[in-house]
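There are 2 protein chains.
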Amino acid sequence: MIVREETMSSEIVYNGKIVNLRIDTVELPKQRYSKREIVEHPGGVGIIALTEENEVIMVRQFRKPIEDCVLEIPAGKLDNGEDPKKCAIRELKEETGYEAENMEFLLDFYSSPGFTDEKIHIYFATGLKNGKAQPDENEYIEIEKYKIEDLVQMIKDNEIHDAKSIISILYVDKLL
Amino acid sequence: MIVREETMSSEIVYNGKIVNLRIDTVELPKQRYSKREIVEHPGGVGIIALTEENEVIMVRQFRKPIEDCVLEIPAGKLDNGEDPKKCAIRELKEETGYEAENMEFLLDFYSSPGFTDEKIHIYFATGLKNGKAQPDENEYIEIEKYKIEDLVQMIKDNEIHDAKSIISILYVDKLL
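The listed protein sequences correspond, in order, to chains A and B. Per full-length UniProt numbering, the first sequence runs over residues 1 to 176. Per full-length UniProt numbering, the second sequence runs over residues 1 to 176.
Source of the hints: derived by calculation from the structure; they are not laboratory data. It cannot be assumed that every hint is accurate.
All copies of an identical chain are treated as equivalent in the list; a pair is satisfied when it fits inside any one copy or across any two copies.
Subject to a maximum C-alpha distance of 25 Å in a straight line, what follows is the list of computed SDA-like cross-link-like pairs (lysine to any residue) [what the hints assert, rightly or not]:
no., residue 1, residue 2
1, K17, Q153
2, K147, I89
3, K35, E139
4, K30, E149
5, K147, V172
6, K17, T126
Everything numeric in this text was worked out from a predicted model, so none of it was measured.
Produce the complete structure using the sequences and hints provided.
Spelled out as structure tokens, the structure:
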């Protein structure tokens, strides 16, 4: 049986710059109640960009939550109400300098629907022209390029640890 | 250039049942400082379980953060310090009733390394024996079975919206 959980009360316990933390009290069957901890997130985009040499543009950056550098596809969060495709064009340019002639929507998904509403929209960028990257003032990023078959092998070897990147690489390699 | 961000100060602003919200002040080059909002999460497991009829066991449940029912592989969060493989065996049994003769580690990844340390460990379960599900008191779950090629088609059609499920289905279909 699937039960929709009606909200009895809702409280924002922290209002952040990027995320909010909200606690909902929900009603369950038999007049029982439970709390749900919900991280509100504006959502984001990821871009899998393929050069004419059939290489994927990846970025490596330090991620504070895991205290390590992570290899990922270019990505970024949606500005308030921003169209995801516009965001994808903007983030690819800012992070890597590349402009894409074609920016095709592939799929969207929730990164972890048990505790956050973050939705990530994935775009496939081709027809790339290289320009100058314009990272945010607080963004320190290195660009690396990989053949897609090497990235697939890295996934098999458990060397890529970012969910949106794994999804995008397997999707483009296996489903396009 | 990749910059490791040293923690200057750190404050837990909310201590939850499942997640904590922590604000770190970090040092950047040129003696600049920034805040990082970090959702601490115990991590979890996902199980892609294949029956002898070559069907994948999926669960459908209401997810409060997105106010909708979501089709996912069986999954659950790690109890304090729990071994991920033991967690996978326990969660598969609790959510679906199935016990697996073989529980093979496939890969692990961060669900969204920009704001949370949540790490998900994926296991591949085969040699299944059906028993009785023992969901948590507050868990309402429906079990559905799908041929893996149908799940792959559903991913192409953008009908599966859970990151760990997309990764696990594409991994098993394309890489095993």
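Here is what the structure says about each hint:
In this assembly of identical chains, K17 and Q153 lie within 25 Å of each other by CA distance neither inside one copy nor across copies; the values are 37 Å within and 38 Å between. Within a single copy, K147 and I89 get their C-alpha atoms as close as 22 Å, which meets the 25 Å cut-off; across copies the closest is 36 Å, which misses it. In the homo-oligomer, the alpha carbons of K35 and E139 lie at most 25 Å apart only across protomers (13 Å), although the nearest pairing inside one protomer, at 36 Å, exceeds that limit. When the C-alpha separation of K30 and E149 is checked against a cutoff of 25 Å, the pair qualifies neither within a copy, at 53 Å, nor between copies, at 39 Å.
Taking the closest pair of Cα atoms, K147 and V172 come within 25 Å of each other both inside a single copy (12 Å) and across two copies (22 Å). Taking identical chains as interchangeable, the C-alpha atoms of K17 and T126 are never at most 25 Å apart, the minima being 33 Å within one chain and 44 Å between chains.
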